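Visitor: So the sequences go chain by chain: D and A.
For the first sequence, counting from 1, position 62 maps to 62 in this note's numbering; every step adds exactly one.
For the second sequence, counting from 1, position 134 maps to 239 in this note's numbering; every step adds exactly one.
Since the hints were made in silico from the structure, they are not lab data.
Predicted model, so just to flag it, every value in this text is computed and none were measured.
Among the hints, a few may not be true.
Said to hold, decoys possible - Footprint (simulated), chain A over chain D, 3 or more residues, beta carbon under 8 Å:
no.	stretch
1	17-31
2	46-53
3	57-65
4	72-80
Claimed, not checked - FRET-style restraints, in silico, Cβ to Cβ:
no.	chain 1	residue 1	chain 2	residue 2	range
5	D	Ala44	A	Gly538	51 to 57 Å
6	A	Pro577	D	Leu67	17 to 23 Å
7	D	Phe32	A	Gly602	50 to 56 Å
8	A	Thr199	D	Ser20	26 to 32 Å
9	A	Gln617	D	Phe75	30 to 36 Å
10	D	Leu45	A	Ala578	51 to 57 Å
Backbone N, C-alpha and C define an ideal beta-carbon position, used for all residues, glycine too.
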Amino acid sequence: MSTHDPDPQARPATPAHWLSRSETVRRLWVVFAVVLAVTVAAEALVHMHPRFRVEGWFAFHAGFGFLACVGMVLFAKGLGFLLKRPDDYYPGTSAPPAGEERGRD
Amino acid sequence: MIELSFPPAVILILGAFLIAVARPAIRPVIVLLAPILTLWAIWRLPDGVLLTTQFLGYPIELVEAGKLQRLFATVFAIMAFAGGLFGLRQARWTELSAGYAYAAGAVGVSFAGDLITMFMFWEFMAIFSTVVVWCGGTDAARRAGVRYALMHLVGGVVLKIGIEGIMIHTGSIDIRPLDLDTVDAWIVLVGVLINAAAPPVSAWLSDAYPEASPFGSVFLSAFTTKTAVLALILLFPGAGILVWIGLFMIFYGIIYALLENDMRRILAYSIVNQVGFMVCGVGIGTEMAINGAAAHAFAHIIYKALLFMSAGAVLYQTGRRKCTDLGGLYQSMPITTACGIVGALAISAFPLTSGFVSKSLISEGAAQQGLVVVWYLLTAASAGVFLHAGIKFPWFVFFHKDSGLRPADPPWNMRAAMLLFAAACIVLGCFPGLLYGLLPYAVDYAPYTGPHVVSQLQLLLFAGLAFFVMLPAMARTRTVTLDLDWLYRVLVPRIAGGVLAAWQDLGRLLGQAWGRSGASLAERLQGWFRPHGPLAQTWPTGSMTLWVTVILVLLVVMAQRGSP
């Protein structure tokens with residue numbers, strides 16, 4: 001992409017921050033995957049001493065953390081169907097500033 | 106024994122007063138000096154009962170010091186300093202003054218040696234925290250402040266009834282562990298739990314705190330719930346019911362924070378979550394768990410204030426408070442982002458942060474007692490904390506999509522306060538001995554063992570993986586989530602409105618039924634009572650005597666029948 005763009009409207013005023021570029025994001029995912037693998041592999045190196053039976057399973061904390069969070073997100077999602085209301089539901093709550101679009105992001 | 110002439114809280118009260126009346130030029134000096142002097146006074150106190158006096162015929166102990174009291178008072182004073190620094194040049198003076206009086210109440214509760222002193226400072230906090238909410242300055246803040254005040258007045262009345270019951274039935278107003286075998290003790294427990302934002306009234310916290318100003322919510326995050334935790338430690342250590350109340354608060358906080366869109370309300374729900382860990386620790390009641398609850402309160406005040414500061418900095422610089430309106434701020438607010446992330450890591454109990462060395466004491470306490478279910482739930486909840494506060498808050502505020510906003514970092518004093526507390530989170534995490542040395546019981550626990558670090562990293566990083574995998578299910582919506590406060594915010598007004606309308610209809614119907622002359626009920630009543638109306642006329646003395654006689658006879662007859 002040329003740095004001298006004749007039409008400033010055609011793209012954002014500033015180029016994307018390095019952290020927002022797609023190749024950076026891809027690289028971060030790779031790093032994250034490696035870190036995850038290392039934390040699981042590290043279990044083989046340190047001598048774990050579980051106090052409860054299930055805690056002693058290999059990579060218990062990894063699986064438990066993941067599944068617990070998925071469960072909580074799904075539970076929250078389900079509860080949201082019942083309990084969510086528009087954010088000006090209560091009387092006296094300020095309406096969003098004028099000109100701002102409403103709805104999901 | 107040193108004869109003390111005043112409680113340390115008096116310094117902060119004096120500071121609050123001077124901030125209000127002093128010339129603007131010297132106000133910043135008072136703001137920064139008062140908490141430091143308070144801290145000095147706190148650390149001068151030897152252990153034991155140090156200041157007694159008489160109140161309503163009861164000997165009251167205005168100051169009773171011990172390791173636990175000193176720990177809480179210390180972090181309250183540090184918190185006042187950082188809160189004052191954060192709002193030094195931007196908060197209104199009334200707000201800083203009220204905030205310092207509020208902090209003084211918390212220090213006063215910490216050192217209270219009896220229930221009367223505790224109650225007086227308790228109410229002092231309720232009054233000035235309400236003022237802090239009102240300093241939010243909006244109509245929503247005014248309404249939320251009224252609801253907040255009502256909740257705390259009710260809580261105060263409940264607490265006072267319980268305290269009076271204990272005074273009458275035991276003759277003692279000492280603060281000591283109470284057995285839950287009397288109604289009085291239960292009433293005191295309910296009064297304290299209202300301030301801890303326990304179910305079913307947890308909603309007061311997320312209702313009021315996010316409506317305060319960016320500076321007020323930093324003060325609010327620290328004192329009320331943590332003094333309640335201290336009161337629970339002193340009055341109800343080992344009360345089994347607290348384990349389950351605490352666990353409920355923990356998961357309530359996570360689920361509601363996951364549904365929330367307002368960044369400060371996410372943090373408010375997460376206060377309930379964190380206080381849940383402490384309440385659970387008090388319920389477990391062993392030395393390890395009580396140490397954990399106290400240490401977690403200390404660490405929590407610092408990282409939660411830090412999180413509220415970073416949210417406050419964003420609000421101050423952008424005027425926006427909802428995740429749907431924010432995002433991408435890391436590009437122009439690097440210091441705020443970094444400090445927010447440190448706070449988020451600390452609340453998630455990442456190794457090398459303060460949360461790691463404090464929360465693990467509570468889990469360890471549960472494990473040592475063989476509370477298997479509690480331990481598994483606490484472990485799941487630790488993953489959930491990373492989910493709702495550790496990633497969700499920084500992700501949606503500072504990263505996520507680009508909102509197009511490019512605000513700068515906030516002014517120097519706000520940055521300094523954030524950096525101070527971020528440093529504190531890391532220092533306490535790297536040198537746990539600093540915190541462990543302050544705890545009420547000797548600590549025989551090493552947080553940094555290979556298995557503990559590895560299992561915690563697994564737990565948290567895979568919780569992080571779950572966050573990004575589930576991200577589509579967590580799209581922010583412009584919604585609020587109903588809570589039990591719906592009962593008094595919607596249902597009661599609706600019923601009252603219905604009753605009022607029915608009353609008016611009834612009046613109209615009666616008026617129509619009687620209304621040969623077309624007069625309404627009100628006009629008819631006016632007709633009876635107006636000057637020279639039937640009920641306003643002078644009646645003959647004879648008829649009055651007659652009626653008095655009739656009433657007297659009735660009374661005598663009833664008294665006869667009533668007597669055995």
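Visitor: Of the numbered hints stated earlier in the document, which are not met by this structure?
Guide: Violated hints (numbers, rising): 5, 8, 9, 10; every other hint is consistent with the structure.
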